[in-house]
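Chains as they are written, first to last, in this note's numbering: chain A, 1 to 201; chain B, 1001 to 1218; chain C, 2001 to 2212.
Hints were generated in silico from the structure; no laboratory data involved.
It is possible that some hints are incorrect.
Calculated lysine-lysine pairs in the DSSO-like style (CA-CA distance at most 30 Å, straight line) [claimed, not checked]: (1) Lys2074(C) x Lys2043(C); (2) Lys1117(B) x Lys2006(C); (3) Lys95(A) x Lys2006(C); (4) Lys2074(C) x Lys2006(C); (5) Lys95(A) x Lys2204(C); (6) Lys2201(C) x Lys2085(C); (7) Lys1194(B) x Lys197(A); (8) Lys198(A) x Lys60(A); (9) Lys2133(C) x Lys2120(C); (10) Lys2201(C) x Lys95(A).
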Amino acid sequence: MRALREFTKGIIERNPIFVLMLGLCPALAVSTSVTDAVGMGLATTFVLVCSNVSISIIRKIIPYRVRIPCYIVVIASFVTIVKLALNAYLPDLYKSLGIFVPLIVVNCIILGRAEAFASRNGVGLSFMDGLGMGVGFGLGLVLMGFIREVIGAGELCHLRVLWKGYEPMLVMTQPPGAFLVLGFLLGLFNLLHRNLKKSKD
Amino acid sequence: MDFGELMSIFIGVILVNNFVLSRFLGLCPYIGVSRDTSSAAGMGMAVIFVMTMASAATWFVYNYMLLPNENNVLYLLFRKMIPGITPESFDLSYLETIAFILVIAGLVQLVEMFIAKFSPALYRALGIYLPLITTNCAVLGVAQLNIAFSGQPFSLLKCVVQGAGAGVGFMIAMLLLSGIRERLELADVPPSLKGVPIAFICAGLMSLAFFGFMGLKI
Amino acid sequence: MKGVLKMVCVLTSICVVSALGLGYVYTKAKPKIEEQAEEASRKALEQVLPGAVKFADKTLPSLNYVEGYGADGKLVGYAFDGEAKGYSSTIVVKVGLSPDNNILAIKILQQQETPGLGTKAVDVPVEETLWDKLRGRVVEGGATESPFQAQFRGKGPDDLKLVRGEWPPPHPDHIDAITGATITSRAVTDAVKDAVELFLKERKDEGAQGVH
C-alpha cells in the first residue's frame, strides 16, 4: 500500500513542477509542443527511475562526504544512455529537444529525489517514488505543452485542431508565453490548494 | 582575432539570446534568489565567475581529452606504449556530459576553497551561492552550447567570451527581476498569485520586453 | 585516513563502472547513429534531386558535390551544401541544381532560428486536422514542403533576389521574404546563391582545364 502512495504523491499532491517547483528549465523550454513534452517526460522518467533504483542499491556503501559527486556520476551515466538511445532511434525528437537532453543531469528533481528519498529508502519504494515523480513531471509538461501548442499554433501533436482561419497567437510558443502560462498555472494550483484546505476545515 | 565578432557574441548572448529570458537556463536560482537585490547581485557575480571559468575548463577537456585528434592527451600518453594506435580509438566525445558536469562540480569546489583562503570578504559575499551553482543548468548549458550546437567548434577565446556574456546576461536579468519583486512586496497582488507565480508573470513580461532586442544588428 | 581511502575507492569504482557501461552502450548505439545519419543525408539528396536513384560523390577544389542519376541512367542534377549565418544560428542548406543550371529544390538541413518566425522557412503548413486523423480520413493535396523553400524551385542563379512584402508566392523572378523573419530569409537565399555561384565557377574552371 505504501508503494502505491509513494507513486501517487508525485502526481498531484507533490507535483514536481507545480508544487515543489523543481525542474522548471525543461518545463518551460520543451513545452512548445505536446510531442516534445511527452518525449522529455519519458526521458526524464527513465533517468529518474534508474538513478533512484541504483542509488538505493548502493546507498549503504557511499561515504557521506562524497555522496553528491557519486549521485552526479550515476545520473550523468543514465542521461548519456538516454542521449545515445534518442540519437540512434529517434533522431527527430533528439534534434528538437536539443541541449535539454544532456541538461537532464542538472534537473533538480533527479538530484533532489536521490538525496531526499533514494538514499534513505529501499529499492522498491525508490522505484515507485521515481516513477511517480517522473509521471508527475511528464504530466505537468504535457499540460503546458497542450496549452501552448493549441493557443500558439492551433495544433496538437503537429496536427491542426482549431478552425481553419485561426490566426495563431505566436507569443505562446515563444519564451514569454512559457513564463506567462507557468505563472498562471502556478496561481491556479495555489487557488485549488487554498480552496481544498478551506473545505477541509 | 576578429574583435567585432567577439563583441557580437558578447552582446548577443546578453540581450538577444539572454540565457534566462530566451533560453530558459538557470531558472531555479533566477526565481529562488531574486527576492532582494543584494542577494541577486551576489548570485550574479558568482555565476559570471563560474561560467567564465567553466567555459575555459570545459574547452580544454573537450579539445584535449575527449575529441579524437592529434593533441588528445590520452593518445599522446598511450602512443608510446601501444604501437600502431590512432587518435580515432580515443573518441570519447560521447562522455562529454559526464566529463563536463564533473569538471564543473570540481571547479566550483576549487573556486570555493580558493576564495575562502584568499579573500574572506568575497567568500562571505558569494559563499552560500557557490554550492548552488553546480546544479545551475546555465553553467552546464553554456558548456554544451559552446561545443555541439554552434556548428563548428568555438575557439577558446570565443567560448570564454560567450561564457562571460552569458553570466552578465544572467546577472542583468536577475537584478531587474529582483528590483521588480522588491516593489511587488508593496503591491496588492491576488493572494493566489503572491510569490513565485507573479514572479513568473513578471519574467514573462520582461522576456517580452527583451523581444525588442531581436533583430539587433551588431 | 581510512575514510579518505574509502571515499576515493568508492568514487573511482563508480566512475569505472559507469565508463565501462557507457562504452558498451556506445559501441551498440554508434552503428545505428551512423546509419540514421546516412539515411537522413540520402533522404535529403532524394528530396533535392527528385527522381534520382543513384548518387556519385565528386569533388571540386573547395566544394564537394554529388551527381544524381535517374533510374534510366540519365543525369538528374547536382547537389551540394551551402551555409550562411542566420538570425540565431548557422543555416545549412542542401541545393539541387539541374544540368541547365536551374534549381530543382532546396532543403534546409540545419537551423535553430526563432520558433514561429524563422522556423517558417522549414515548417510545412498542416492541413490535416486531428479529427481527420482520428476518423482515418486522408486529406488530399497537403503541402509536403514549406512554401518558402518551394519558391526556389525552377529559379536560375540570377533570380535569387530577396524581396520583402509580396507574399504569397509564386514569383518567377525573385524570392519573397518571410514576414517577421527577413534575416533568416536572407541567410537562406544567400547560402543558396553563394553555393550555386561557387559551384558554377569552380566547374567552369575545372572544365577549362579539362579542355587543355
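Evaluation of the provided hints:
The straight-line distance between the Cα atoms of Lys2074(C) and Lys2043(C) is roughly 20 Å, inside the 30 Å bound, and the hint therefore holds. Restraint check for Lys1117(B) and Lys2006(C): satisfied, since their Cα atoms lie roughly 27 Å apart, inside the 30 Å limit. For the hint pairing Lys95(A) with Lys2006(C), the CA-to-CA distance comes to about 41 Å; that exceeds 30 Å, so the pair is violated. Between Lys2074(C) and Lys2006(C) the CA atoms are separated by roughly 71 Å; this puts the pair beyond 30 Å, and the hint is violated.
Taking the CA atoms of Lys95(A) and Lys2204(C), the gap is about 38 Å. The hint is violated against a cut of 30 Å. This hinted pair checks out: Lys2201(C) and Lys2085(C) have alpha carbons roughly 22 Å apart, not beyond 30 Å. Between Lys1194(B) and Lys197(A) the CA atoms are separated by roughly 17 Å; this keeps the pair inside 30 Å, and the hint holds. Taking the CA atoms of Lys198(A) and Lys60(A), the gap is about 43 Å. The hint is violated against a cut of 30 Å.
A hinted pair counts as satisfied when its Cα atoms are at most 30 Å apart, and Lys2133(C) with Lys2120(C) qualifies at roughly 23 Å. Taking the CA atoms of Lys2201(C) and Lys95(A), the gap is near 35 Å; set against the 30 Å cutoff, the hint is violated.
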